[in-house]
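> Chain residues, written in single-letter form:
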Amino acid sequence: MLRTEEMILNVGPQHPSTHGVFRLILKIDGEIIHEATPVIGYLHRGTEKIAEDLQYTQIIPYTDRMDYLSAMTNNYVICHAVETMMGIEIPERAEYLRVIAMELGRVASHLVWWGTYLLDLGSQSPFLYAFRDREMIINLLTELSGARLTFNYMRIGGVKWDAPDGWIKKVQEFVPYMRRQLAGYHELVSGNEIFISRVKGVGKYTKNDAIAYSLSGANLRSTGVSWDVRKNDPYSLYDRFDFDVPVRQEGDALARYECRMAEIDQSLKIIEQACEQIPSKGPVLGKVPRMIRPPKGETFVRIESPRGEIGCYIASDGSKEPYRIKFRRPSFYNLQILPKLLKGENIANVIAILGAVDIVLGEVDG
Amino acid sequence: MIGWLKGMKYTLNQGTKEKITYQYPEEPIPLPDRFRGIQKFYPEKCIVCNQCVNICPTDCIQLTGKKHPDPKKRGKIIETYDINFEICILCDLCTEVCPTEAIIMTNNFELAEYSRSKLYKNLDDLNNHVTNLREENKA
Amino acid sequence: MEKGIDERNQELIHYVNILKNQIGENGLEDYYINELAKHTPTIVVKQEVYQKVAKIVKSHPDMQFEYLTELHGTDFQTHMEVFLYLQSISRKRSLILKTKTDRDQPIVASVTSIWEGAMWPECEAYDLLGIRFEGHPNLHRIFLGEDWKGYPLRKDYKDENPLK
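Protein chains in written order, with our numbering: chain C, 1306 to 1671; chain U, 860 to 998; chain P, 4 to 167.
Label pairs and their calculated CB-CB ranges:
#, chain 1, residue 1, chain 2, residue 2, range
1, P, Y160, U, L970, 31 to 37 Å
2, U, T923, P, G7, 52 to 58 Å
3, P, S116, C, G1496, 42 to 48 Å
Keeping only pairs whose Cα atoms sit at most 20 Å apart, straight-line, the calculated EDC-like set for lysine to aspartate or glutamate is:
#, chain 1, residue 1, chain 2, residue 2
4, C, K1475, U, D892
5, P, K95, C, D1549
6, P, K41, C, E1394
7, P, K58, C, D1514
8, C, K1536, C, E1577
9, U, K878, C, E1440
10, P, K41, C, D1544
11, C, K1505, C, E1563
12, U, K868, C, E1492
13, C, K1625, U, D918
14, C, K1474, C, E1400
Note that these hints are calculated values from the structure, not bench results.
The C-beta atom is built at its ideal place from N, Cα and C for all residues, glycine as well.
Produce the entire structure from the sequences given, and follow the hints as far as they go.
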C-alpha cells in the first residue's frame, strides 16, 4: 500500500529568495502545501523603542534602515508627520527636490524588485540589467545626499543640501534614457511566453481579500482597486503633477508585475514635470525652531512608498523626544496574506508568490 | 515564440555595448564630493561645545576637553576625541552641527579591519587622516 | 480649508449619531476632530463596545470603513490605548477609532473577524506592549519569541542585558 505522510519543509531564514532573513515553515503533502507559517522578527531592531530616547532629527537616519531600498520615502514620512504637527511650511524648492528624490527612489526600488523577481523565477540577465540602471539612480542620489542607500537627506522643514550644480540637468537626461531602457525590459521579459505562463494566474486573490487583508501598493492595485495616496489624499506637491495610477483587474502575479512596470513609467513622468517646475533657486530649509518640539497631541500621516502605504504615528508630550512613535510598515501588512495564498499551492510556486508580494525584511521586522 | 525571439534579440544587442562594471578594488570608485566616509578631525578648530556628542544618534562619539593652557585665553581645548566605528552609521549629523567645521567627512569608506579594537579611532587617527577630504561641508 | 473642516465636523456628528442610536449613549467616551492629524474625525469608545462599534463602522452604509490602515497600541502610563486608522476606499474618508484599556490587565476584543488585516498588527501590539486580544486566532509574540521577558514598549520596561 502506498502511504503518504506530511512533511515539514523549512525555507530560510538565510535563503536568497526570501529577500532577507525570513523563515517559512511549510507543511507539505507531496508537492502540495497544506499549511504555511511565516516566522519573522530576525531583523527586529526595536526602532520604535530606540526612537523614544532620540530627538526627531536623530530618528531620520534610523528610518533609512527600515525600507532600505527606498529610504527617501521613509525619510519623508517622519518629516511629514512632524511638519504636520508643527504646521511648518516647506520652501518650494525643497519640496520639489524631495519629490524628485522620492520618485527616483521609487524607480530604483521597482528595478530591484524587477531584477530579483526574475532571478527568483530563474532568469539571470534581467537582474544584471536592472542593477546597471539602478546604479545610475544610486549615483544621482549619492551626488545629492552623500550616501548610496541610507541617504539621511531630508530634514524637518526641508532638505539637507541643495542640489549640486547641474544635477537637475542630469536627472532630466536620465529620464529619456530610463524610458528607452524600460522599453528594452518589456522587449526582453514582458512579452516572453515562458515568463507569462510562469506567472499568469499564480498567487491570485480577489479585491475583497486584498482590502480585508490591508494590502497596499501594487498588491492592492493589481486587483482593480484604484487606491494611491498620492492621488487620493495628496501630500507634498503631488496634486500639481499629471500622472495616472496603474490598475489591473486580474489580481495575480502578472498583474502585479504589470502594475509595477507601469508605475516606473508614471514616476518618470512625475520626475520630468518636477524638473521643469522646480524654482531655479530659493531656500531649501524652512523656518524651523532650533529645538523641534511638536505640540502635545498625536498625529498619523501616510504616504505612498514603492511597497504601499507607509504611515507614521507620533504621540508627543511636548518635549523634544517623541512619547511614542509607530511606523505603519507596508511590507509587514502585505506579508500577512501569504499563508492564505500558499495554502493548497504547489511547492514550485512558493517563491513566485513570495517574490511577487515585494517585501523588504528590514521593514517587516521594524 | 515571438516574444522569446524578441528577448533573444535584446540580449544579443547587449554584446555590442560598452562595459559598465567598476574595476574595484584595482581602481578606486569615483565618488562625488558629498560622499560620507570616515571623519577627519581638526583638534585646533574644536571648541569643545559637545554638540556632535549630543546629536549622534548612536552615541558613538566620546570627547573630553581641558582648560586652555594659555591663561589669558578663555574656553577649552580638546583633550581626547574617540569615535567608535563599530556603531557609527556615518549619518553626517556630527559634521552638520559642528559650528567650526572641526569635524568633516572624507571620501574614504574602507573600514574593514582584522581586529575590533582598530575600529575605535582616537584623536590622532582622525587627525592624521588627510586624504580625500570633503570640500563642501555646510549646506 | 475652513469649509473642509466644517464638513468633517458634520461628518463626525453624523457618525456619532449613528453609533449612539445603535449602542446607546454610554458607549462613547469622547469624539473630536484631531487637528494635528490633518483634521481626521476621531472617536474614542469604551472597551466593552469596541468590537461592536468596529462592526458598525465597517458595515453601516454611511460609514463603510472597509480598510484597516493601521492598528497599534500605546502605553500612556495611566492606561493602554489601541489606535485604529480606518479608511473607506469607496467613500474616500478616514476615521480614527480608539479604545482605552486597563494597564495591568490589558484585554481588548480582537477585530480580526472584521478586518483580517489586523492579524499581525495585533500580534505586534501583544508582543511589544502585552495587550491581549480576545478572540484572536493565533496570538503569539511575533518578533521577540515566546521566551522574551517583559514588554519592551511599556514605559517601565527594563532591559535584562543592557548594552551599556
